[in-house]
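**Q** Each residue of the sequence shown is one higher than the one before, counting from 1 in the working numbering.
Think of the hints as simulated: they come from the structure by calculation, not from any bench.
There's no promise every hint is true.
Computed spacing ranges between beta-carbons, pair by pair [claimed, not checked]:
no. : residue 1 : residue 2 : range
1   : H51       : R257      : 45 to 55 Å
2   : R18       : N57       : 36 to 46 Å
3   : S246      : G327      : 34 to 44 Å
4   : P50       : R127      : 28 to 38 Å
5   : G327      : P209      : 35 to 45 Å
6   : I5        : A79       : 33 to 43 Å
7   : K29       : D67       : 20 to 30 Å
8   : Q316      : W179      : 19 to 29 Å
9   : Y58       : E278      : 44 to 54 Å
10  : G182      : R335      : 32 to 42 Å
11  : M273      : K29       : 14 to 24 Å
12  : A204      : R257      : 20 to 30 Å
13  : T269      : R53       : 38 to 48 Å
Derived pair list, reagent style DSS-like, types lysine-lysine, alpha-carbon separation capped at 30 Å [said to hold, decoys possible]:
no. : residue 1 : residue 2
14  : K186      : K219
15  : K62       : K29
16  : K12       : K63
17  : K63       : K29
As the structure is a computational prediction, the values presented were derived from the model and not from experiment.
Heads up, the beta-carbon is just placed ideally off N, CA and C, and yes, glycines get one too.
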Amino acid sequence: MQETIVTIEGEKFFINGRPTYEGREFRGKSVEGLLLNSRMIQATFDDENPHTRSRWNYPDTKKWDPDRNTEEFCQNMPAWKEYGLLGFTVNFQGGRPALDFRQSHHPEEPGPNPEVYVNSTFKRDGRVKEPFLKRMAKVLQRADELGMVAIVGYFYFLQDGLLGDEEAVIRATENATNWLLGTGHKNILVEINNECNVAHYDHAILKPPRVHELINLVKRIEKDGRRLPVSTSGTGGWIPPENIASAADFILVHGNRQSPAAHKNMIETICSMRPFKENPRPIVFNEAGTDAECLFACAENFASWGYYDAGENNYQDGFQSPPVNWGINTETKRRFFNGVGQITGLG
């Protein structure tokens, strides 16, 4: 059984002591040390709200099945790896499962909105739910066996309101970090929250002025002298401010609705920042759309790029809207994976 160990040296990712895509060039530029990835955020998705759960029913069984979702995710991971995809992003609170959902809280106070889905590993006080952890454990184990890296997010802006207060957010961060370390897997990178600058976040500690506090909290938690590399992300085109860029172990950004030229400009802006000049680190887009030209632009400018394909809740399109078909089964998906193969020489 393979043990996959991800480490960071300067601007490069290493797996088991060797740089990723070792010796590989694309269009005359080295891609050694990149982490090509895809947003696969619903790997452990479930909906605990009985009023909305049926929205995710599989077309064949007419039922929603979270274990089937995770099992099919794991079954398809080898196909992604064949093209040279090394990373994927998951989240303890998933991502938006359909475009018509509001955030999961009442306007008066944080808490569940009965009209909205409930997909959270965390209870109101920050304790964790075992069924979600069991599904995440399967994902991490399969990734470990395949030599892949999981970017594990903790919080999502449509679900953070399910946590009762800031102490619960801190407790959830501690619990998630200790659980991940306790699995023994060393193929994990942490994303505190998806798009920290989105206005919908309920808790101040998850917003840009203070989210570095949670980054530093994760960095302080160790097991057997080991800790987890950690960062957080913002919306498409958003550049992390100095408090985040200084604290993060790698620079995590999104490229949604950004052209290839805009991706290049984002990379250049990050590289010009004082925290990056003083401590160069990997630049990773882990959500950016479906345009393979953006993938190529990032590869040429030494940044890792992440595919994001929302889909339409039809068990066919995309990698985000349940029920998700995790296969490479559409032209859009094939175009991305073929692009990865062009860069890596695989597939």
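**Q** Go ahead and decide if the range 36 to 46 Å is satisfied by the Cβ distance of R18 to N57.
**A** holds, 44 Å
**Q** Using the Cβ atoms, figure out if G327 sits within 35 to 45 Å of P209.
**A** holds, 41 Å
**Q** Compare the distance between the alpha carbons of K62 and K29 with 30 Å, and conclude whether the hinted pair is satisfied.
**A** violated, 49 Å
**Q** CB of P50 to CB of R127, is that within 28 to 38 Å?
**A** The hint (28 to 38 Å, Cβ to Cβ) is violated, given that P50 and R127 are roughly 22 Å apart.
**Q** May I ask you to test the hint 38 to 48 Å on the CB atoms belonging to T269 and R53?
**A** This hint holds: roughly 43 Å between Cβ atoms.
**Q** Return holds or violated for the Cβ distance of Q316 and W179 against the range 19 to 29 Å.
**A** violated, 33 Å
**Q** Can you tell me whether the CB distance of G182 to R335 sits inside 32 to 42 Å?
**A** holds, 39 Å
**Q** Assuming the hint says 45 to 55 Å, is it satisfied by the Cβ distance from H51 to R257 or not?
**A** Cβ of H51 to Cβ of R257: about 32 Å, so the range 45 to 55 Å is violated.
**Q** Hey, K186 versus K219, does the alpha-carbon distance stay inside 30 Å?
**A** Holds. K186 to K219 sits at ~15 Å (cutoff 30 Å).
**Q** Between I5 and A79, does the beta-carbon spacing fit 33 to 43 Å?
**A** violated, 23 Å
**Q** If I claimed the Cβ atoms of S246 and G327 lie 34 to 44 Å apart, would that claim hold in this structure?
**A** Check passed, 41 Å falls within 34 to 44 Å.
**Q** Does the Cβ-Cβ separation between M273 and K29 fall within 14 to 24 Å?
**A** At roughly 22 Å between Cβ atoms, K29 and M273 fall inside 14 to 24 Å, so the hint holds.
In this structure, the earlier hints numbered 1, 4, 6, 7, 8, 15, 16 and 17 are contradicted, and the remaining ones agree with it.
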